[in-house]
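K.L.:
Using the sequences provided together with the hints, build the complete structure.
2 protein chains.
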Amino acid sequence: MSKYWSEITKNIEPYVCGEQPKDKKYIKLNTNENPYPPSPKVIEAIKNAANEDLRLYPDPNCDELRETIAKYYKLDKKQVFIGNGSDEVLAFSFLTFFNQDEDIIFPDISYSFYPVYAKLYKLDYRLAKLKEDFSINVEDFLCENGGVIIPNPNAPTGRTLDIEAIKRILEYNSNKVVIIDEAYVDFGGESVVKLIKDYSNLLVVQTLSKSRSLAGIRIGFALGQEELIDGLNRIKNSMNSYTVDRIAAKAAVAAIEDETYFKECASKIVNTRERVVEGLKKIGFEVIPSKANFIFASHPEINGEKLFLILRENGLLVRYFNKPRINNYLRITIGSEEEMGIFLEKLKMIVAEIISKDK
Amino acid sequence: MSKYWSEITKNIEPYVCGEQPKDKKYIKLNTNENPYPPSPKVIEAIKNAANEDLRLYPDPNCDELRETIAKYYKLDKKQVFIGNGSDEVLAFSFLTFFNQDEDIIFPDISYSFYPVYAKLYKLDYRLAKLKEDFSINVEDFLCENGGVIIPNPNAPTGRTLDIEAIKRILEYNSNKVVIIDEAYVDFGGESVVKLIKDYSNLLVVQTLSKSRSLAGIRIGFALGQEELIDGLNRIKNSMNSYTVDRIAAKAAVAAIEDETYFKECASKIVNTRERVVEGLKKIGFEVIPSKANFIFASHPEINGEKLFLILRENGLLVRYFNKPRINNYLRITIGSEEEMGIFLEKLKMIVAEIISKDK
Numbered sequence: 001m002s003k004y005w006s007e008i009t010k011n012i013e014p015y016v017c018g019e020q021p022k023d024k025k026y027i028k029l030n031t032n033e034n035p036y037p038p039s040p041k042v043i044e045a046i047k048n049a050a051n052e053d054l055r056l057y058p059d060p061n062c063d064e065l066r067e068t069i070a071k072y073y074k075l076d077k078k079q080v081f082i083g084n085g086s087d088e089v090l091a092f093s094f095l096t097f098f099n100q101d102e103d104i105i106f107p108d109i110s111y112s113f114y115p116v117y118a119k120l121y122k123l124d125y126r127l128a129k130l131k132e133d134f135s136i137n138v139e140d141f142l143c144e145n146g147g148v149i150i151p152n153p154n155a156p157t158g159r160t161l162d163i164e165a166i167k168r169i170l171e172y173n174s175n176k177v178v179i180i181d182e183a184y185v186d187f188g189g190e191s192v193v194k195l196i197k198d199y200s201n202l203l204v205v206q207t208l209s210k211s212r213s214l215a216g217i218r219i220g221f222a223l224g225q226e227e228l229i230d231g232l233n234r235i236k237n238s239m240n241s242y243t244v245d246r247i248a249a250k251a252a253v254a255a256i257e258d259e260t261y262f263k264e265c266a267s268k269i270v271n272t273r274e275r276v277v278e279g280l281k282k283i284g285f286e287v288i289p290s291k292a293n294f295i296f297a298s299h300p301e302i303n304g305e306k307l308f309l310i311l312r313e314n315g316l317l318v319r320y321f322n323k324p325r326i327n328n329y330l331r332i333t334i335g336s337e338e339e340m341g342i343f344l345e346k347l348k349m350i351v352a353e354i355i356s357k358d359k
Numbered sequence: 001m002s003k004y005w006s007e008i009t010k011n012i013e014p015y016v017c018g019e020q021p022k023d024k025k026y027i028k029l030n031t032n033e034n035p036y037p038p039s040p041k042v043i044e045a046i047k048n049a050a051n052e053d054l055r056l057y058p059d060p061n062c063d064e065l066r067e068t069i070a071k072y073y074k075l076d077k078k079q080v081f082i083g084n085g086s087d088e089v090l091a092f093s094f095l096t097f098f099n100q101d102e103d104i105i106f107p108d109i110s111y112s113f114y115p116v117y118a119k120l121y122k123l124d125y126r127l128a129k130l131k132e133d134f135s136i137n138v139e140d141f142l143c144e145n146g147g148v149i150i151p152n153p154n155a156p157t158g159r160t161l162d163i164e165a166i167k168r169i170l171e172y173n174s175n176k177v178v179i180i181d182e183a184y185v186d187f188g189g190e191s192v193v194k195l196i197k198d199y200s201n202l203l204v205v206q207t208l209s210k211s212r213s214l215a216g217i218r219i220g221f222a223l224g225q226e227e228l229i230d231g232l233n234r235i236k237n238s239m240n241s242y243t244v245d246r247i248a249a250k251a252a253v254a255a256i257e258d259e260t261y262f263k264e265c266a267s268k269i270v271n272t273r274e275r276v277v278e279g280l281k282k283i284g285f286e287v288i289p290s291k292a293n294f295i296f297a298s299h300p301e302i303n304g305e306k307l308f309l310i311l312r313e314n315g316l317l318v319r320y321f322n323k324p325r326i327n328n329y330l331r332i333t334i335g336s337e338e339e340m341g342i343f344l345e346k347l348k349m350i351v352a353e354i355i356s357k358d359k
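Chains A and B are the protein sequences, given in the same order.
Following UniProt numbering, the numbering of the first sequence begins with 1 at its first residue and continues without gaps.
Following UniProt numbering, the numbering of the second sequence begins with 1 at its first residue and continues without gaps.
To be clear, the hints were calculated from the coordinates, so they are not data collected in a lab.
Some hints could be false.
As the list makes no split between identical chains, a pair holds if one copy fits it or if it spans any two.
[Unchecked claim] Taking lysine-lysine and the DSS-like style, the derived pairs with C-alpha atoms no more than 25 Å apart in a straight line are:
(1) 10 x 346
(2) 74 x 346
(3) 22 x 77
(4) 25 x 268
P.N.:
Below, the structure written as structure tokens:
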């Protein structure tokens, strides 16, 4: 604690992101990255953009990228906001739409960055307690509040909320913004982008980090009616006019345009996921049904933290959250078919060994 | 104004950045960009980084870049903070070090983003009125306050504050953070990085956008003792863990390492600046002494706004601020030798025409 820190700096609890290890080679299944490289067209676009124009500021409005995303989703360019990763888009959204002294609501088990944003902006929040099977109780969101945010599919559970439930939440909260965080929607979830025309309070947030294999390039975006996007621009332009660099914008355009490649990769991940789920069940894991590029699983006879550490020693990196209700679970990103084959084989041996020792 | 906007969103006054025109070809002297392209080594580094690793998140701590900058400035890696452009670094700094209900101080004529940040975070501020010649009155900063920020060289004036004056400000305000914004220091100013070891309240902010020709890549950084950098990291990690993408980090490392190229470009700009100053004086302009890559000038017989508009029509884009005390001035970025030759020639004719018409 430094005397130079502001009261806010002293009181916040920063987010701790998944480890980016440098000590040795892991099968890295801890930060929901895509196992497949970005489209070759993305690589080409970056190389083409590596030129003398880098001396100039980027387009602060990201017009070309906004047009590309708008076309992809059949929206207007004015309904698209671009940010430096969806974390930045979410950070801006909390400040743009939520007020102090009005509780916002999100699930008790969800993206652990939400309470961090709330604390940063001194926003009060209520946690909607998920059911025992980690599904959302819609009624929890049908009450007075200062705004709602729900990841769909939820993280780290992978569970989805159906579109009719989201409509009910949007309708009940018509004077408050409802943010649907669709970071993982491309792996089998159903997007609510199509509801934007009917709901002026709906903001959909997506990212290129997962399904477009571009975690390293930092592009996220928000979709909503123009007045919501205008609000986001007001906040952005009060912090940093140029959040997206020239290279990243070009890479993102190429990634969105190469729909075939994107669909192939997403489909491979979905197929692998289903096989991994079966494999895990066979060795005694309980697996939450997932529509994301990760699965959330626990073994009734094995301590989650212990298993996490043993896997780590064996070069298998997954994510473990030491939090109430989920402290026996592991979040396992879906890697390539080959990686998951090795993972399952090693895991099977480790599980057998632990169980035999414990007996 | 939307009912969905938070109170903060409703009340802020976003920054308006210099135009990035798309309508026609200009000699673009309005946003202090470098006329020379980035180092060829930067282009090469970007092309090498355009690979399949982009599927992975970047290093959230930017270790390689921090080490490179630390080495360049003979600091420790722990004394370096990296951000997505110096605007982001400044936005984080205001939140990290300044408190509501304590006036911060900055010059009345300085970077127009400062009051925007203050408004965003509901910080009170006092403006230190520059003298008639736009120099800083040091006494204005020797009083009770919640923190200080001074650009050195100042923008848009180009004037510098000498190091002894900065020491007095640091010593008087030993319990408050003093930010020296050195965005333009590489064009003849004297950096106060060397004071960091002696002043725990000093934060120096720099950028790669100007002297390293990388406005398009978005890298800024802050230098200071470890407790200040730790505070910045707390705020960053409460908003966005990965603000700097893989490509930008690699480009920045190459840019810092190619010191020879950087010095050549900066030196060419300084030489051109001195010739432009002479040229402007010859046609009747009053020019504020500049150590930046721009000059601030006014013509006693010609209205600044009118001249700005006529220049624009003639394909010469400079920056005009319609603000008290400086509304007869133009801020002119130093372009290449060739650009500035054309600029001076056209300006000379325009000035002659205006004056002859007005007679």
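K.L.:
Now, for every hint given, state plainly whether the structure supports it.
P.N.:
A quick look at each hint next to the structure:
no.: 1; hint: 10 x 346; verdict: neither (43 Å within a copy, 55 Å between copies)
no.: 2; hint: 74 x 346; verdict: neither (45 Å within a copy, 47 Å between copies)
no.: 3; hint: 22 x 77; verdict: between (40 Å within a copy, 17 Å between copies)
no.: 4; hint: 25 x 268; verdict: within (24 Å within a copy, 46 Å between copies)
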